[in-house]
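Asks: Sequences and hints are given; from them, build the entire structure.
2 protein chains.
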Amino acid sequence: EIVAAAEAVLREEAIRAGSLPLAGKHVLITSGPTHEPIDPVRYIANRSSGKQGHALARAAYEAGARVTLVSGPVTLPDPANIHVIHVESASAMLKAVEGSLPADIAIMAAAVADWRVASEGAQKIKKDGTGKPPALELTENPDILATVGHHPDLRPRLLIGFAAETQNLIDNARGKLERKKADWIIANDVSPQTGIMGGDANTIRVVSRDGVEDWPEMDKGEVARRIIARAAEALGAD
Amino acid sequence: EIVAAAEAVLREEAIRAGSLPLAGKHVLITSGPTHEPIDPVRYIANRSSGKQGHALARAAYEAGARVTLVSGPVTLPDPANIHVIHVESASAMLKAVEGSLPADIAIMAAAVADWRVASEGAQKIKKDGTGKPPALELTENPDILATVGHHPDLRPRLLIGFAAETQNLIDNARGKLERKKADWIIANDVSPQTGIMGGDANTIRVVSRDGVEDWPEMDKGEVARRIIARAAEALGAD
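Residue numbers (the numbering used here), protein chains in the order written: chain U, 1 to 238; chain G, 1 to 238.
Copies of the same chain are indistinguishable here, so a pair counts whether it falls within one copy or spans any two.
Listed next, the in silico DSBU-like pairs over lysine-lysine satisfying Cα-Cα at most 35 Å (straight line):
hint, residue 1, residue 2
1, 124, 95
2, 124, 181
3, 126, 181
4, 132, 181
5, 180, 95
6, 132, 180
7, 95, 126
8, 127, 181
9, 127, 180
10, 126, 180
11, 181, 95
In short, the hints are calculated from the structure, not lab data.
Replies: Written as structure tokens, this is what we have:
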């Protein structure tokens with residue numbers, strides 16, 4: 001806590017000295033998985049650890065921004081000096097994101113569940129003795145990136161989405177860029193053998209209307225600092 | 001680590017002095033949730049934290065037993081001086097449990113998923129643009145408690161199961177006792193408002209062929225010590 005307080009003081013000084021590129025800007029970041037309840041004890045989850053999203057929040061803070069981090073259930077500690085809103089489901093995450101606008105930059109790094117269970121059980125679902133499993137009816141979740149991208153008056157000046165795929169990485173990312181009205185899509189291959197989901201390193205491809213940029217494998221902290229530096233540049237050149 | 005080593009030495013001395021009730025016994029414990037994969041990035045989970053199961057493993061170790069802990073994915077550290085086998089799915093847990101027999105006492109405290117996804121996707125399942133969600137076909141998982149209870153030659157002398165329910169607690173526990181050939185069922189009400197799942201306290205009811213015993217609310221460590229003391233007694237009286 002002493003370290004965090006000292007850090008905050010030093011950052012305020014750097015902001016006053018004008019040396020931080022995102023001073024005065026609000027950066028909104030989502031991170032982690034969402035959990036979609038099946039019944040009071042069960043849920044659908046995904047393997048996102050929140051490491052990349054939390055690293056982005058840190059990097060944006062270090063660049064001088066006021067940061068709002070909307071985080072799904074992760075085992076990471078809350079980053080110091082950052083306003084964190086904890087949510088479980090995609091619906092709750094959308095609400096928190098909409099309530100946190102306006103923002104200059106939004107980076108939607110959370111791995112949001114595409115589907116939730118259509119009718120959440122009020123009681124724990126039991127085996128009925130027939131050996132026949134219950135039907136798990138799914139319904140599509142709201143699309144947070146698309147909702148922000150199509151926002152009638154509060155769309156951030158720079159909107160960055162993530163595409164975690166196991167195949168057709170670039171095609172899927174290009175499709176997302178258009179459909180969701182994002183400025184960049186950070187595409188990464190999360191096939192289990194890559195070790196990216198849950199791991200400390202990331203290999204990303206930055207897809208924008210200008211083309212595709214391949215970045216070499218880096219520590220997730222370094223990926224975050226470079227994305228934030230690039231975002232600050234883009235905002236300045238806007 | 002120094003503390004763990006010192007603890008092990010002191011325990012060896014206590015075992016030699018004959019003051020530990022489970023010295024020379026093998027206790028097998030399962031703990032935590034299971035994760036059942038949907039595709040490479042998604043899975044079905046439950047809210048079990050593993051706190052009660054891990055506390056039981058500690059208590060059995062402190063009572064002098066050789067302990068095998070088969071743990072699903074939890075955020076708890078591995079307890080010191082205990083052989084831990086990490087698994088994800090119910091199928092993997094069953095394999096680890098069967099491979100760990102024989103045991104004098106088995107306590108199946110894990111919240112094992114009743115169902116898994118029938119055909120796990122090799123690739124991340126994508127929205128197909130129709131807005132129609134994929135069908136998630138489930139199939140029944142193997143029943144670990146029943147498998148151990150009906151084991152032809154390696155059934156432990158004392159077999160304890162858990163029943164986490166949100167309704168009909170005692171009826172469900174009694175049914176489990178008979179169907180799965182357990183000696184005791186530790187029943188607890190995991191309705192969200194109880195705070196038991198994931199929390200530090202537990203209120204249990206011990207269901208056996210002799211009847212139902214209601215225990216007052218206690219810390220999960222204290223629940224564990226009392227269950228282990230009772231188990232050691234039962235084994236001695238056998």
